[in-house]
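S.K.: This is what each chain is made of:
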Amino acid sequence: MSILVDETTKVIVQGITGREGAFHTERMLEYGTKVVGGVSPKKRGQTFLGIPIFGTVSEAVRETGAQASCIFVSPMNAKDAIIEAVDSGIKLIVCITEGVPIHDMLIVKNLIREKGVILIGPNTPGVISPERCKIGVMAGHIHKRGNVGVISRSGTLSYEVVSQLTDLNIGQSTCVGIGGDPVVGMRFVDVLELFEKDGETEFIVLIGEIGGSMEQEAAEFYKKSMSKPMCAYVAGYGAPREKKMGHAGAIIMGEKESAEAKIEALESSGIFVVRSLAEIGETVKRLLYS
Amino acid sequence: MRIHEYQAKKILSEYSILVPPGFTVLSENELEEVANTLGFPLVVKAQIHGGGRGKARGIRIVRTIEELRSEVRSLLGKRLVTSQSGEEGKYVGKVLVETFEEVKEELYLAILVDRDVEGIRLIASKKGGVNIEDVFREDPSLILTELIDPRYGLLPYKIRRVFFSLGLDFALLEPFSALCEKLYRAFLEKECLLCEINPLAHVPNKGFVAIDAKMVIDDNALFRHKDLAEMYDPTQEDSRELNARASGINYVRLKGNVGCVANGAGLAMATMDLVRMAGKEPANFLDVGGGATKEMVSYGLRLVHSDENVKVIFVNVFGGILRCDTFAMGFKDASPHIYKPVIMRLSGTNAEEGLRIVKETGSAIIVRDLKEALEKLKEIKV
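Taken in order, these protein sequences are the chains called A and B.
Residue numbers for the first sequence follow my numbering, beginning at 1 and rising by one.
Residue numbers for the second sequence follow my numbering, beginning at 1 and rising by one.
Treat the hints with caution; some may be incorrect.
Said to hold, decoys possible - Covered, in the sense of this in silico footprint (three residues per stretch, anywhere, with C-beta under 8 Å from a C-beta of chain A), are these stretches of chain B:
{"no.": "1", "region": "23-36"}
{"no.": "2", "region": "113-120"}
{"no.": "3", "region": "144-151"}
{"no.": "4", "region": "200-213"}
{"no.": "5", "region": "220-234"}
{"no.": "6", "region": "339-352"}
Rather than coming from a laboratory, the hints here were simulated on the basis of the structure.
All values derive from a computational prediction rather than experimental measurement.
Just so it is clear, CB atoms sit at the ideal spot from N, CA and C, and this is done for glycine as well.
Can you build the whole structure from these sequences, using the hints too?
M.R.: Below is the structure:
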């Protein structure tokens with residue numbers, strides 16, 4: 001088992017013929033992901049690496065039976081692409097696009113909540129269940145199949161943590177990049193809920209950062225509804241206020257949005273917070289086998 | 001993106017929200033005409049990004065032309081240091097001169113994107129004129145908020161809920177509702193993260209007047225608002241941050257003396273955390289970006305190096321889409337300009353090749369992993 005995606009997941013790529021879309025479709029295929037179709041209105045009827053290209057998502061779903069979509073369109077087209085996927089019966093949407101306007105996301109988020117569709121991102125590396133399926137842009141080879149679930153707001157930090165784990169021979173059940181924007185589809189708690197129910201996941205690593213209050217939400221949820229061991233890391237200790245630290249969502253507007261406040265909330269819920277990025281792998285090893 | 005008060009007020013008046021009559025002044029020569037048109041008393045307001053202007057004497061009331069001249073002279077072209085500006089202050093390139101409105105009661109009204117509930121929030125308080133976060137800390141019951149579902153818009157009953165808690169005269173319900181609706185339209189159409197009127201005043205015979213206004217626009221939406229993008233004022237930012245952005249690099253200057261260079265926003269933040277773990281202070285946040293070229297890497301390194309506060313540079317790269325050998329080539333290009341010590345950790349894609357190139361330059365302390373980096377950071381004297 002794993003969460004969200006596995007070897008049976010059939011995926012289409014929206015924006016398959018763009019530079020990013022084409023490059024990463026090839027990487028996904030190499031990894032073994034079942035990419036069954038692409039959407040690119042101008043290239044309708046052609047194929048890419050043997051995969052049929054459709055003009056609309058509904059056509060692609062009808063012809064291929066895809067349940068998931070990976071979106072690589074430009075920021076101005078992301079709202080349309082996500083809503084098209086929802087409207088065409090896609091159940092899992094991964095939106096890689098960085099720079100989607102927040103007002104577009106407010107509309108999208110209210111819709112997907114109502115429809116019960118899962119959205120990962122935007123501004124995410126995607127989701128991977130190692131050795132079974134990857135939907136996104138992360139390097140497949142640093143991952144290894146196992147029983148640690150990883151959730152992160154940051155792409156590079158999840159790569160860092162995953163490679164520390166893999167180096168220590170600790171595999172991962174599923175790694176979910178929820179995205180670095182202020183408003184994203186799945187929040188930490190949504191992923192935690194799935195990990196708690198997943199038979200394969202025995203331990204969870206949560207990687208948070210400054211901005212918003214998703215870490216506090218996760219802390220509260222953990223205390224109330226979770227039994228699995230978990231550790232966390234929060235990036236941006238001592239970061240200045242009202243300064244965007246790279247991610248659109250990494251900005252401290254109020255006191256509760258600092259790393260200090262988040263660490264305090266996580267610790268008070270009984271979650272072990274690792275202070276040094278250098279020690280995440282070893283901490284997991286120690287906690288997992290203790 | 002922040003915009004200035006005068007720009008926010010211009011937008012509000014386009015939505016027929018009342019603002020005090022006033023003029024933006026760039027030089028002293030214009031003052032006589034402004035005074036003749038508006039009459040005294042007037043208020044002089046330094047146009048900078050960020051609050052705390054009142055306490056820093058960035059807002060002054062004047063009653064004569066001499067006072068007007070001397071106050072404008074003491075602000076225009078100077079840097080104003082406020083509690084939020086940092087010690088170097090913010091450049092005052094423009095001054096807003098407005099009719100001074102005598103107000104009895106200062107209210108607060110704002111519409112913002114609330115990322116935690118993933119919706120839009122209307123906020124009002126009868127205690128305006130001060131920092132709303134302070135009001136909330138002292139007495140949260142003074143703050144009234146309503147959530148707006150963007151699909152339904154700002155429904156009248158939500159405005160009524162807020163209105164009745166403000167304790168205003170019933171006759172003001174209609175003008176207050178109209179004000180909220182106008183503000184909501186501005187908020188939506190300009191794709192704001194925040195539209196704030198603080199203080200908001202009710203002036204007899206005029207109506208609700210926005211005495212001060214703050215607007216923050218979503219950077220990600222600027223591609224469809226050319227007019228707003230033009231309101232960007234580079235004088236309000238650190239010149240290093242500006243140059244970095246022009247080169248596609250995310251850079252934020254901080255106060256410490258350990259320069260940081262990393263790839264990816266999260267890793268760049270975690271790199272600063274490691275510096276703090278070692279008992280030192282980071283001089284900056286720097287993310288060269290996932291798709292960085294060797295030119296961008298070289299530029300980023302030289303940018304950090306050129307900061308006079310920086311005594312040592314910590315490079316922390318986990319190669320992915322940006323491969324370690326590409327990074328190393330950038331380092332090699334920059335290395336003739338680099339004489340401060342560099343602690344370097346390169347890991348991930350093509351790390352071996354990258355380390356070989358860095359070793360050839362002979363100008364970096366190479367560490368195998370983050371643990372060793374932390375040790376080196378602790379040891380090094382800055």
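S.K.: All the hints need checking, so say for each whether the structure fits it.
M.R.: These are the hints, each one checked on the structure:
no.: 1; hint: 23-36; in the structure: violated (count 0)
no.: 2; hint: 113-120; in the structure: holds (count 6)
no.: 3; hint: 144-151; in the structure: holds (count 3)
no.: 4; hint: 200-213; in the structure: violated (count 0)
no.: 5; hint: 220-234; in the structure: holds (count 4)
no.: 6; hint: 339-352; in the structure: holds (count 3)
Of the numbered hints stated above, those contradicted by the structure are hints 1 and 4, listed in ascending order.
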